[in-house]
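Trainee: One-letter residues, chain by chain:
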Amino acid sequence: MRPIVEFKGVTRAYGPRLALDDVDLALEPGELTFLVGPSGAGKTTLLKLINREIRPSSGEVWVDGIAAHTLKASRVAELRRRVGVVFQDYKLLPRRTAKENVAFALQVGDLRISDDEAMDRALDALEAVGLGDRGDSFPHQLSGGQQQRVAIARAMVLQPPVLIADEPTGNLDLETAWQITDLLEDIAAFGIAVLVATHNVEIVTRLQRRVLTLVQGRLVRDQPAGRTGRMAWLASS
Amino acid sequence: MAGVVIKGHFPRRRIFRVVAVNILRYLFLGAARNWIRNIGSMAPALSSMTVLLLMSGMVGLIGFALHNLEQVEAGQASLLHVYMRDDAVAADVISLMNRLQHDGRVANVTYVSKTDAFARAQRMPGLPQLAGASDSNPFPASLDVQVKNINDVAAINTLVKYNVATDPVNPTSYDQGAYQRIQAVLFGVAVAGFAFLALLGFVAITVTINSVRAAIHARRDEVTIMQLVGAPRWMVRGPFIVEGAITGGLAGAVAGLATFGLTMGGIASGSGSFTQFAPGVTMTVAAIAAAIVFTTGLSLGSGSSLVSLRRHLES
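Those sequence lines, one after another, are chains A and B. Going by the working numbering, the first sequence opens with residue 1, and the numbers climb by one from there. Going by the working numbering, the second sequence opens with residue 1001, and the numbers climb by one from there.
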């Protein structure tokens, strides 16, 4: 299977400091992967490279066949429509309802979508994340978990082949964090490559999915699904 | 039969309509709504740009009037009166006239007799009294020499002033440096005007750039989300450029109307004296100046926004 995201010898430096150092990795469609490591290890930098918020200092980044490392600024939008993004702080527009937040992503991404169509599709996306009845609620009327679901619906409404999430459960209690993780698993089950940067050790160890470990910018461990947890050292020799 | 997906095409006209509605809503209505919402931060830009454009309009009109004045002065300065001595022989006058008419630098030569000179003097302000004070006609006959290029007037003056037919005491009307003095004054006025406008322009553009930057920061989340969900660059930047254009257009409209109104007020208050002070400035010229001021406002507003976006909104 052709990888949907591929890093080839990627290095990213901020001045003299290396945020990522010669990273090689490949993400397959339908794969839920966790990206772990201490603060400052380079997790967010790696996610930003996929979304072409930044360019690598050297190496190649391929996303769904697009060379992100050489992509011109005028074509970045084309790549971003193929990468859904979820943040720890949800980044919802406070003056828009849940439905409008999701529809907004659709309409600014594709001008050919009418209001009615955008609202219908936004409602479908909200129903898929279990919030079909909260479409008219404003973000401040929703709990943290619900806001994150809206953010996931917004990221998925364009049906991108890749979803990246930067600490999506960071602001949530454990029970809600599990609900969000279940949702991300469901999304991956539909053939979407999901990459989640997280500090939540419990979820990572219990879920037994692929885990990438970054330390000081280097990819020090790539544990395949089912080989994580306490006995993971067996796979890392 | 199951599992067959039929892909239907929307009518092209409907797609065009949807696209047009979305562009109108996001680009223009959105920009107008945000402009009204951010009017507090846009107010300094609006006022400084209005002042700049009003001053530009007025300086432009003054410049146009001075240019016309310079043309008039240049035309007068290139007309050389060669005064004939009272006892000049007709043959000498004709000879000088022929010589000048065949000179390539001369456009035309007209003989003005003493009688014609007297009649002309009586039409000039202040001179009828002087003409009437004397028993005899004090005005000499002359050859009015229209020189093609003002720079050749000195050479023609040298050519004619020692001629036998020319009055030895007061040979010509040539005043060395008169035109140069006018040019120097006009040049000084133009430099001062441009320096003033450049300074004002710098202030207005800086204020507008900062206002747009404030608008970008006020909508940072919206802009970030638009960029992250793959909104095209023109769609992210467009509303800010439209906001800048609204500011510039409004400032231009106010300044344009003020320019037109002030000029029309000047014309209405005394068309004779106004024509003397500002030759060539008519209602049409004022309307054109107002239109230029408006267009400049639009360009300045959207241009400043573009500069601000390039600085603060690079993806």
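Hints listed in this document are in silico derivations from the structure and should not be mistaken for laboratory results. As the structure is a computational prediction, the values presented were derived from the model and not from experiment. Among the hints, erroneous ones may be present.
Here are the simulated SDA-like pairs of lysine to any residue, each with C-alpha atoms no more than 25 Å apart in a straight line [to be verified]:
#1 A:Lys48 to B:Pro1232
#2 A:Lys91 to B:Glu1073
#3 A:Lys91 to B:Lys1148
#4 A:Lys48 to B:Arg1311
#5 B:Lys1148 to B:Glu1073
#6 A:Lys72 to B:Glu1073
#7 A:Lys8 to B:Leu1228
#8 A:Lys72 to B:Arg1037
#9 A:Lys72 to B:Asp1221
#10 A:Lys48 to B:Thr1224
#11 A:Lys72 to A:Glu127
#12 A:Lys91 to B:Phe1064
#13 A:Lys72 to A:Gly109
#14 A:Lys72 to B:Leu1306
Trainee: All hints are to be evaluated individually against the structure, with a verdict given for each.
Mentor: Cross-check of the supplied hints:
{"no.": "1", "hint": "A:Lys48 to B:Pro1232", "in the structure": "holds, 18 Å"}
{"no.": "2", "hint": "A:Lys91 to B:Glu1073", "in the structure": "violated, 69 Å"}
{"no.": "3", "hint": "A:Lys91 to B:Lys1148", "in the structure": "violated, 75 Å"}
{"no.": "4", "hint": "A:Lys48 to B:Arg1311", "in the structure": "holds, 21 Å"}
{"no.": "5", "hint": "B:Lys1148 to B:Glu1073", "in the structure": "holds, 14 Å"}
{"no.": "6", "hint": "A:Lys72 to B:Glu1073", "in the structure": "violated, 58 Å"}
{"no.": "7", "hint": "A:Lys8 to B:Leu1228", "in the structure": "holds, 24 Å"}
{"no.": "8", "hint": "A:Lys72 to B:Arg1037", "in the structure": "violated, 34 Å"}
{"no.": "9", "hint": "A:Lys72 to B:Asp1221", "in the structure": "holds, 23 Å"}
{"no.": "10", "hint": "A:Lys48 to B:Thr1224", "in the structure": "holds, 13 Å"}
{"no.": "11", "hint": "A:Lys72 to A:Glu127", "in the structure": "violated, 36 Å"}
{"no.": "12", "hint": "A:Lys91 to B:Phe1064", "in the structure": "violated, 55 Å"}
{"no.": "13", "hint": "A:Lys72 to A:Gly109", "in the structure": "holds, 18 Å"}
{"no.": "14", "hint": "A:Lys72 to B:Leu1306", "in the structure": "holds, 19 Å"}
Hints 2, 3, 6, 8, 11 and 12, counting from the list given before, are not met by this structure.
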